[in-house]
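Visitor: In case you want the letters, here they are:
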Amino acid sequence: MTQKLVVIGNGMAGARTVEEILARDGDFTVTMFGDEPYGNYNRIMLSNLLAGVETEDGIFLNDLAWYRDNGITLNAGSKIERIDAQARMVYDAEGNGTPYDKLIIATGSYSWTPPIKGIHNPKRGYHQGVFAFRTLDDTRRMITYARRAERAVVIGGGLLGLEAARGLQNHVSHVTLLHAMGHLMNMQLDERAGEMLKASVESKLGIDVIVDAMTTEILGKDRVTGVKLADGTVIDCDVVVVAAGIRPNTEMVASSGLPVERGIVVDDQMRVQGQDDIYAVGECAQHRGDLYGLVAPLWDQAKVLADHITGRNPAAAYEGSKISTKLKVAGIDVASMGLREPESDADEVIVYNEPRKGIYKQLIIRDNVLVGATLVGDNRKAASLIQAFDRGLPLPEERAELIFDIGGVVEESPESMPDDAQVCNCNGVSKGAICGAVRSGCKTVSGVMDATRAGKGCGTCKPLVQRIVEWANGGEAEEDPAASWYVPGVPMPKPELMAAIRRYGLKSVSAVFDKLVPGGAHDAKSKMGLASLLRMMWGADYVDERDARFINDRVHGNIQKDGTFSVVPQMKGGVTTPAQLKRIAEVAEKYQVPMVKLTGGQRIDLLGIPKEKLPAIWADLDMPSGYAYAKSFRTVKTCVGSDFCRFGVGDSTALGIAIEERYQGLEGPGKMKLAVTGCPRNCAEAYVKDLGVVAIDGGKWEIYVGGAAGAHIRKGDLLATVDSAAEVITLTGRFLQYYRENANWLERTYAFVPRIGIDRIRQIVVDDADGIAAALDAAVEEAVQAYQDPWKERAEPATPGQFRTSLPLTVLPQVPVRA
Amino acid sequence: MKTLTPTVLGPITDIPLGEGRTYAVDGEMIAVFRLRDGSLRAVSAVCPHKGGPLADGQIDNRIVVCPLHLYAWDLATGCSQSGQPPISVYPVREDAGRILLGE
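Chains as they are written, first to last, in the working numbering: chain A, 1 to 819; chain B, 820 to 922.
Calculated from the structure, these hints are not laboratory results.
Predicted, not measured: the structure shown is a model, and the values here were computed from it.
Careful, some of the hints might be misleading.
Said to hold, decoys possible - Cβ-Cβ distance ranges computed for the label pairs, FRET-style:
| id | chain 1 | residue 1 | chain 2 | residue 2 | range |
| --- | --- | --- | --- | --- | --- |
| 1 | A | E261 | B | T896 | 53 to 61 Å |
| 2 | B | Q900 | A | D25 | 19 to 27 Å |
| 3 | B | D914 | A | E478 | 26 to 34 Å |
| 4 | B | S858 | A | D25 | 23 to 31 Å |
| 5 | B | Q900 | A | N353 | 26 to 34 Å |
We put the CB at the ideal spot given by N, CA and C, even for glycine.
Use the sequences and the hints to build the structure in full.
Guide: Here it is as structure tokens:
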């Protein structure tokens, strides 16, 4: 049955909550009450309106037509005076009652006025010439009045005061900013950052700033002539703007008998404490003791409230927000998150200070997690810091990487890029194309990536794509719920997914879709990831559905640009024999292989083989598969080692062969490329492999993990130094198994290792701190035992038409044949 | 949908569940898919992006993903989900255990 929903408050919180409810097809007739006689507008933009860079039309979020189109009754300019929770009624000033089934209170905040002599006029409210800076009407009146004024004083050196001061410069010739505390933005910034900001505001903007300035009196009788400070200083002015802070609007709610402390007390569903049908959201709400005055927490609250009230997800819970801000304050970049100052000696503090340029950066790190950061004058690292802060990501050993772009990688800013600048170099996607996708409705990073293919190649441009999407969205991309899922089509992160697969004994990909996806929808883009995961979990018990495999895994070859495939015979450790070479050469000649090429992994690649010829070629070769195609253990690259090399200190070749023999074909969330090198000269490039082994003098071996020399370049982290080849083989298996069980789909070790942290991985894999080493060893042993050469199935196709051509008749670009 | 003279392509068991196979009909290459819900879909076999063999792509009950660059098309309408030109769709159904292409 349609319920009556009443919303008190038509500001950003009230309207956003209604939008979220409508988006969930909530079955309500909605009535909204707003103090102000307008549709709802973006209060944050009032600064821009004052500064003349935005018009009134530009700041409205929903005009009156929106209310009409959505069947919402808007009572603009109507103030609710009382809530009768017992009778489920609200009453306006005239005593008119409106009944509700569900009530949402979104009354926001009012501008707080410090006790200053002369600030109020008994007849008019504020003294003529004194303005608050909170509503559209305030702003309109201020602009009208300031046209006749010459000098302005702004009381309050927080964010709003700074914005007001900057905006007033547009209307008067001189602005003085008074701040009662010792430094500007003292709620967000530490003292040094506040001083830096003051210096920039004075030198760059020409605004006079006085801190520790306690305003005691507004001077002037009929019109303002100045303000007086506690120390007797008089500052001449003819207009005063008060921006000294905000307080939640809770008076009406408290007098109606609902629980109010600093704000209206709500639970995790945003329900007013002790009430089943009354909610509060936004600046007026107090959640777990905290009040929030920024939009991001408000958006989160609105979503939870909407999920809960519409029954879409009755258990949705708001768990508080980590506060971070990234803005231009009066034209100067400022970002802040978490702690302003260290709280104990154990807190690690990193400070960079360049006063002449007005740049200040401070980080506070506790237990290797970012707990606070302040940036002034340079916000380029703000996005990555906010990410690290929000998600508690492990931080790089080189702390400097957090505040600088080291190694010449300059983080480009989306604003300054031309529209035709190519962002994704793999798929040729421009900044303009990304912005176009955002404009046509894609608000999430993954949505834009799907629509444009940007970031879907090697992936190195993903951070830039994210910044552009955020920028095009006006500062913030919408959160993508799927970002934490293991595969896009099953709404669960990896640990939950694995637990559910075990609980229900799901052994095939279609069983996972049928059981775990609401509505049982299958998803082509999730199949390969699920197949890999299930095979890892169930081993020989996995129920193989061929359609869940990518084409490469269906025919055991790598598909090429013209639809042909490439064949790579196994060549363990990169070592071959004349007989093998001869056979490969004979097969290549017999089948007129268009190109014979050595791969980066030291193997021979026969390129341009039509699908239908694959079984015959493999039969003639009669060699095991070299795994050049799957998300699996690929190859172990080696150097000559001790056999012939004058410098080799360890038998890298023998060890490389042994590792490849043992772990061949092992599936994983991503490719696993290994190398063993016989001395630190590192001819096999072991430092930049997923797992690299380096022989060092004294019969020891170093094991490096998480290296890469592909789309990303990273030197691996030293996992352990061991005394024997046997230990190398054991630790290799244990590390690979830990990676198999814990990495995200397609997450290579170069991302996985820093995400978990090498110290943590060493604790688990080497020191067995979690007591799971034996289980990891057993699991990888089981996988090793389950290995079968996929090419043994060549004689009898696994499915009808497994090797039937899918090639079109049209002539396609051919793999170039080189003489 | 394009019109074609009705043609029997062969037994439905020629196409494993959840996969596609290519057939040449009237000089055109057509990829026929057998969805996991048992129904059939037929689309042009060539990816309009770079000529990829769509029958080698992965499908679910709605879309096919080209194996070369992972662009996706709706199997019922031929519309691209990733900003590419649409592909042709053809009427196809099962008729007494055989694949019948065309009306």
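Visitor: Could you tell me whether the CB distance from A/E261 to B/T896 stays inside 53 to 61 Å?
Guide: Check passed, 56 Å falls within 53 to 61 Å.
Visitor: Holds or violated: the 26 to 34 Å window for the beta-carbon distance between B/Q900 and A/N353?
Guide: With a Cβ separation near 50 Å, B/Q900 and A/N353 fall outside 26 to 34 Å, so the hint is violated.
Visitor: Indicate whether the distance between the beta carbons of B/D914 and A/E478 respects the range 26 to 34 Å.
Guide: Cβ of B/D914 to Cβ of A/E478: about 47 Å, so the range 26 to 34 Å is violated.
Visitor: Looking only at beta-carbon atoms, does the pair B/S858, A/D25 fall within the given range of 23 to 31 Å?
Guide: 29 Å, holds
Visitor: Holds or violated: 19 to 27 Å for the Cβ distance of B/Q900 and A/D25?
Guide: 24 Å, holds
Against the hints set out earlier in the document, violations occur for numbers 3 and 5.
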